[in-house]
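Protein chains in written order, with our numbering: chain A, 282 to 693; chain B, 27 to 257.
Treat the hints loosely; a few may be bogus.
What the hints assert, rightly or not - If we take Cβ atoms under 8 Å as the criterion, some of the chain A residues that face chain B in the derived model are:
1) G495
2) P591
3) A634
4) G636
5) V687
Calculated from the structure, these hints are not laboratory results. Idealized CB from N, CA, C, for every residue including glycine.
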Amino acid sequence: MTLGKMAWRNLWRRKRRTFITAFSIGFGVMLTVTFTGTGDYGYTKMINAGAIMGLGHVTIEPRGYNQTPALDKRLLKAEQIREQILTMPGVSDAIVRIMGQAMFASARKTVGGMFMAIDPAQDSAEQNLLLRSLVHGHLFSSAEGRGVVVGTKMAEKLNLRIGKKLVYTTTDIYGEIVSEIARVVGIFETGVDEVDGAMVLLPISSVRATLHYGVQDATLVAVIINDHRRAKSVRDQISAAVGNPQREVLTWKQTQTELAGIITMDKSGNYIMQLLIGLLIAAGLLNTLLMSVLERKREFGVMMAVGMSPATLFRLVLVESFWLALIGLIVGIIITTPWYAYLYYVGLDFSGAIGEGYNAGGVLVDPLFKIRLYKESIIAILAGVFSLTLLSGIYPAWRAGRIPPVESLKVI
Amino acid sequence: MEHQSIVHLEDTTKIYQQGKVEVCAVDRLSLSIKKGDFASLCGPSGSGKTTVLNLIGGLDIPTSGRVLLENQDLAILTRSQISAIRRDRLGFVFQAYNLIPVLTAYENAEFVLRLQGVSERECRDRVMAVLKEVGLEDLENRRPDEMSGGQQQRVAIARAIVSRPAIVLADEPTANVDSATAESLLDLMQRLNQDYGGTFLFSTHDHRVMERARRLICLKDGRIETDEVRR
């Protein structure tokens with residue numbers, strides 16, 4: 282008779298209690314999966330949405346541009362850098378862009394805003410939220426010409442429609458004020474007022490000419506990667522390949538600090554919530570295991586009287602916790618799977634509560650809450666719940682080993 | 027003196043604290059149990075019988091004096107060392123059988139051997155032999171709740187003797203069984219004593235046990251009142 286077998290049988294002496302305890306562990310698994318899964322899914326969506334708003338997961342830009350963006354800071358040979366980066370593992374795309382501030386004027390009004398100069402041959406709806414959000418017209422067909430795409434809010438403010446003229450004024454590489462005329466070819470609507478009211482898409486070659494940039498120059502190369510969690514390693518890799526004192530390679534956490542801050546804060550809240558759930562479940566487990574030890578005091582006294590050492594008794598109770606943890610995890614997997622599948626495929630629609638245009642850190646938040654777990658999260662949850670159950674068993678196990686046989690037996 | 031006896035109590039006193047009152051359960055008692063003894067402690071309730079067994083079994087420690095088991099002073103041993111002595115050198119038979127409810131008759135009898143680290147094959151041979159000895163070879167797979175009181179006590183005896191201990195301490199072993207079962211249990215223990223030279227020390231009120239004991243030690247107020255050796 283091994284300790285494992287004995288512990289297993291002990292567990293089933295009170296089936297109802299074992300089932301209730303296993304269900305409480307299982308319920309803990311379900312809650313943790315829900316919290317972690319919505320986090321994994323939501324953060325990924327937000328980070329990817331942030332990335333396709335212009336800067337990518339990793340950005341190569343002139344040194345100092347991130348702190349004080351100005352058009353006199355140029356990334357020389359940006360196209361060449363892009364070609365190099367595209368061959369790197371983990372990189373799904375790299376797009377050369379010029380981003381800067383400008384004044385936009387129509388016959389009616391002038392407003393301040395941002396422009397993003399792009400090459401239609403490089404940019405696509407997949408990598409650019411503004412292109413994905415076109416509601417009228419189309420994107421200019423080449424990197425040259427005078428086409429412009431504006432947001433709905435800016436169109437409203439400036440009374441613009443397809444075919445209307447727009448004048449943009451900015452500063453060139455010499456710090457001189459330069460202006461150019463463009464004609465509206467498309468209108469986008471992302472749902473984020475700050476974007477729809479201030480962002481404008483322009484053809485990159487025309488902007489280069491206006492700003493007196495070289496034919497390969499830009500302000501940044503936005504790098505889209507397959508997995509945002511690898512941003513740091515991809516950054517290091519890119520930095521090693523193309524880095525020099527005039528350039529810097531930054532991750533989304535460095536270029537989108539507001540978004541990174543929101544995610545960090547949300548994650549912390551999530552962890553605290555999970556910790557509280559864990560503590561509540563652990564307290565329940567501790568109570569159950571302790572009760573099961575105390576009600577077997579006499580039996581433990583007999584075991585010690587016939588020669589079981591306190592250490593072996595400690596191990597016996599700990600093995601019972603081990604089995605309980607295992608059963609709890611199995612129950613957890615069984616009850617969580619349908620719930621997970623529902624949230625994975627269908628999700629919970631919170632559009633009624635938060636509306637369609639809710640954004641965090643300037644990034645649109647999808648009101649449809651879905652769930653997705655990273656592999657490492659699954660391992661962390663299973664290991665966490667398992668360890669917590671084992672830890673809950675330590676004190677009862679220690680108590681079992683400390684029971685004086687003469688007191689528990691009363692009479693031998 | 028010490029080297030002739032398996033158990034030697036030397037001027038042993040045990041005082042319990044019951045609330046604010048001190049109760050002297052064993053009072054400066056000296057006693058030796060020799061190898062092969064079939065001895066019984068008798069006396070009224072509160073005379074100290076159980077306490078003496080507890081002290082010999084290392085389940086309790088004396089307030090003063092010494093308890094030597096095979097010349098080893100139990101008071102100076104650690105908890106694990108005492109556990110090892112109980113495992114290797116002592117056998118216990120309890121009044122309420124005290125079998126482990128989740129184990130079968132075989133597993134209960136095997137329990138001590140497994141703690142000793144005896145191999146499975148040797149366990150099998152020894153346990154089956156001892157179960158045959160106590161007449162339970164056909165009930166090896168029964169759990170305690172599937173056996174009568176007498177059968178459970180036989181399993182308890184099997185568990186106590188399977189590791190060939192230096193001494194078996196039996197507390198009221200016949201108290202919870204009917205007369206016929208009590209007689210057969212006593213026959214069994216007597217046979218084990220005579221055939222294998224096993225040493226038995228009982229604590230009892232049962233006159234049948236006292237009649238069969240070859241040495242009868244009567245206690246009163248924690249002291250030996252009479253110590254009679256019979257032929």
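List of violated hint numbers, smallest to largest:
1, 3 and 4
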